[in-house]
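Enquirer: Residue numbers for the sequence shown follow full-length UniProt numbering, beginning at 1 and rising by one.
Take these hints with a grain of salt, some might be off.
As the list claims (entries may be wrong) - Straight-line C-alpha distance at most 25 Å; calculated SDA-like pairs for lysine to any residue:
{"#": "1", "residue 1": "K133", "residue 2": "Q317"}
{"#": "2", "residue 1": "K177", "residue 2": "Q120"}
{"#": "3", "residue 1": "K262", "residue 2": "K130"}
{"#": "4", "residue 1": "K77", "residue 2": "D67"}
{"#": "5", "residue 1": "K556", "residue 2": "D299"}
{"#": "6", "residue 1": "K88", "residue 2": "K177"}
{"#": "7", "residue 1": "K622", "residue 2": "Y559"}
{"#": "8", "residue 1": "K77", "residue 2": "K133"}
{"#": "9", "residue 1": "K13", "residue 2": "V178"}
{"#": "10", "residue 1": "K77", "residue 2": "H416"}
{"#": "11", "residue 1": "K54", "residue 2": "K622"}
{"#": "12", "residue 1": "K284", "residue 2": "L306"}
{"#": "13", "residue 1": "K76", "residue 2": "D299"}
{"#": "14", "residue 1": "K494", "residue 2": "D299"}
{"#": "15", "residue 1": "K494", "residue 2": "I314"}
{"#": "16", "residue 1": "K173", "residue 2": "V186"}
{"#": "17", "residue 1": "K130", "residue 2": "K177"}
{"#": "18", "residue 1": "K52", "residue 2": "Y70"}
{"#": "19", "residue 1": "K481", "residue 2": "K565"}
{"#": "20", "residue 1": "K77", "residue 2": "I314"}
{"#": "21", "residue 1": "K556", "residue 2": "K92"}
{"#": "22", "residue 1": "K282", "residue 2": "L403"}
{"#": "23", "residue 1": "K77", "residue 2": "T161"}
{"#": "24", "residue 1": "K86", "residue 2": "V178"}
{"#": "25", "residue 1": "K177", "residue 2": "D67"}
{"#": "26", "residue 1": "K494", "residue 2": "D385"}
{"#": "27", "residue 1": "K52", "residue 2": "I586"}
{"#": "28", "residue 1": "K117", "residue 2": "K284"}
{"#": "29", "residue 1": "K212", "residue 2": "Q274"}
{"#": "30", "residue 1": "K88", "residue 2": "V72"}
{"#": "31", "residue 1": "K622", "residue 2": "P495"}
{"#": "32", "residue 1": "K494", "residue 2": "H416"}
{"#": "33", "residue 1": "K212", "residue 2": "K284"}
{"#": "34", "residue 1": "K494", "residue 2": "Q621"}
{"#": "35", "residue 1": "K565", "residue 2": "A332"}
{"#": "36", "residue 1": "K455", "residue 2": "S480"}
{"#": "37", "residue 1": "K88", "residue 2": "K133"}
{"#": "38", "residue 1": "K117", "residue 2": "E75"}
Note that these hints are calculated values from the structure, not bench results.
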Amino acid sequence: GEVVFCSANHVLKYTLEDASQRGVYGTLLCTNFKIAFISDETSSQETAPPFKNKLLRQNDIPLTCVDHIYGVNDEKKKLIIGCQVKSKYPSKLIIQCKDLRVFHFSLIYAKEEEAKKIFQGIVHHSLEPKSLKCVFAFSYCETASPSKASRKRSRTLMFETKEDWSVELDRTKGKCKVSSANEDYVISETLPQFFVVPFAVSDDDILRFHGKGIPFWCWSHHSGCALFKMACLPAIQEDGISQKYMHRMLDAVTQDQLYPVKVEDLSSCLPALQDLQLSYNKFKQLFLIDSTTEFWVSDMKWFSSLENSGWLEIIRQCLMKAVEIVDCLESAHTSVLIVEESCSDLCCVLSSLVQIMLDPYYRTRSGFQSLVQKEWVAGGHSFLDRCNHLYQKEKEVPAPVFLLFLECVWQLFQQHAPAFQFSETYLTVLSDSIHIPLFSTFLFNSQHHRDTAMKPGHPEAQRSPLNFPSVWDWSLQFDSKAQSLFTNPLYVEKPIQDKTLRKTAHQKHQRQLSLPNTLSKPSPRKGFFKEETDNLKKIFLGKRVGKWLNPTDSSKELYESWQRKPLDYQGLLLPYLDGPAIRVWIQRYLRWVPEAQIFGGGSIATVNRVLELAGEIQNLQKEVERRSCRMDSSIAWTPVYAGPPLCSRLSSFPFTAMHASSFRPAIPSSIRQSLGSVSSLADKEDDDS
């Protein structure tokens, strides 16, 4: 279904490792799917990435992945805005992508007519508002046949049927009911056709405010309390009517759960979507590097710029709020009702994080994918608007809400890697897939929106409904060898004796008690409230400690109780929230910056990375020894990557090609003199404030 709109030959793609204006010549194309650069040179196997995406080559940019385009004339860089393009075209084109890649193309050597058409075509198809039917997924689905993998029954629950919700209720032993009041979307187009509510909530209650003010069930704790979420009532309602209705809904929750309810209003404790977008815009500028010189200049103030963006602080706030909700469910045995205006943005972030911390099933790959389907897709998150796929700024507020969730999950992963069946690479690839305009998972604002788009355009049309692929059909993007990188080799599975108790071949994850056995011997570990935290702050940040979030007294008790017990990777999982513990997701953000890789990081970075690898190898050796001593046919061996050897750029593996050439990091003398000597830079604050 891909169609070429325009192309230009003799386009020079610059390399960014130096200022010598070197590059490779090739053809630049714009299709209804992507912007593609095809080199005139034949690529060797040595320069190929460790794994390849079947849909995209190394120099391909999906149209929905374009973030900003700059034109350069006479060394002057100007932001290109859609609908304002004139007949002229710049001599150089800079394309910044949402996955943080940066491409530089020179149009000087192309024919004038071809250069003009490719420039206008790229801007028109990537930056100007478009209708949903223009997204490539529609062209793809009309011509492609369903893959074999999509025909097989997946272990991922899609939560599109009543049966899927019943399975989840049975697994968690939830004391609620599956409602079909919105079947065929007769009540609300933003709600799914099926959802779970307390027994005391009637169909009339759901109909009264079109689903607003209804406590939707998310998950049940083994003690009997549960997690719910709710959208605020319309502001036009009278206070008396609203209060009476809300009291009835709260009574419905307490009546079924037999536990008190705590209401968490996210609007009063977490940033608004506009603030979220502003913070991320500042944060991503640290990684959108145009040249080697720009990198080393920005490196002078990197930590202060990182702190000023506030992005890591927002991540910490979300994790802290999730811990408070976990404390209510785990320690106080109190049901929690999360309230948000739409119940489909930060509500999804918090409810998902809480379930990942409490339920080990959601830390498996199939469980995590089911969680995204339940809380985000069925939960009505506006992926189309938040990701701004159609570039309609005036319609909705774009905000990286789902990326914020993945960031929080990565923080948990990097602190407790053995608790997760999936790997860091899996999370990075999932974040990239958001901007591939093919998967129904990230293409619509609700299930009704998707079902409407799947229908034929005209009632008399003879063709069958479109079948959009799900992002979970990974075979569309990667072969089996590449998919082996999605599995975490350090994952600690459930004890073997639990597997022998299964009565059926179909695997069902039975939830364990979150906290380990209280009779177990305490195992002292460095943690959240240890003196080492203060030392780390001084070592890593010096005097610039920043703002710290202090846990509540009850949350502190939960942390201390959790740390006194042996760490159970199949039980409760809590994040460390002090400053040094919240880190930058290096694989996602620095994989395209050659200067940030290990051979340019100096001896300290090299030694640190080698020590980390040595620790990982020791853990792998212990795991191999443990499995060899307890070899059993029922043990499923974790697949290990069997592709090319790891490249020297360790933090970019497996996304960038191997390069034999190195470089010498250097700052131009004129810039270095204006910044002052090294000693003076070390003595003063890095942000000159």
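Enquirer: Check each numbered hint from earlier against the structure, then list the numbers of those it violates in ascending order.
Expert: Result: hints 1, 2, 3, 5, 6, 7, 8, 9, 10, 11, 14, 15, 16, 17, 18, 19, 20, 21, 23, 24, 25, 26, 28, 33, 36 and 37 break, sorted rising.
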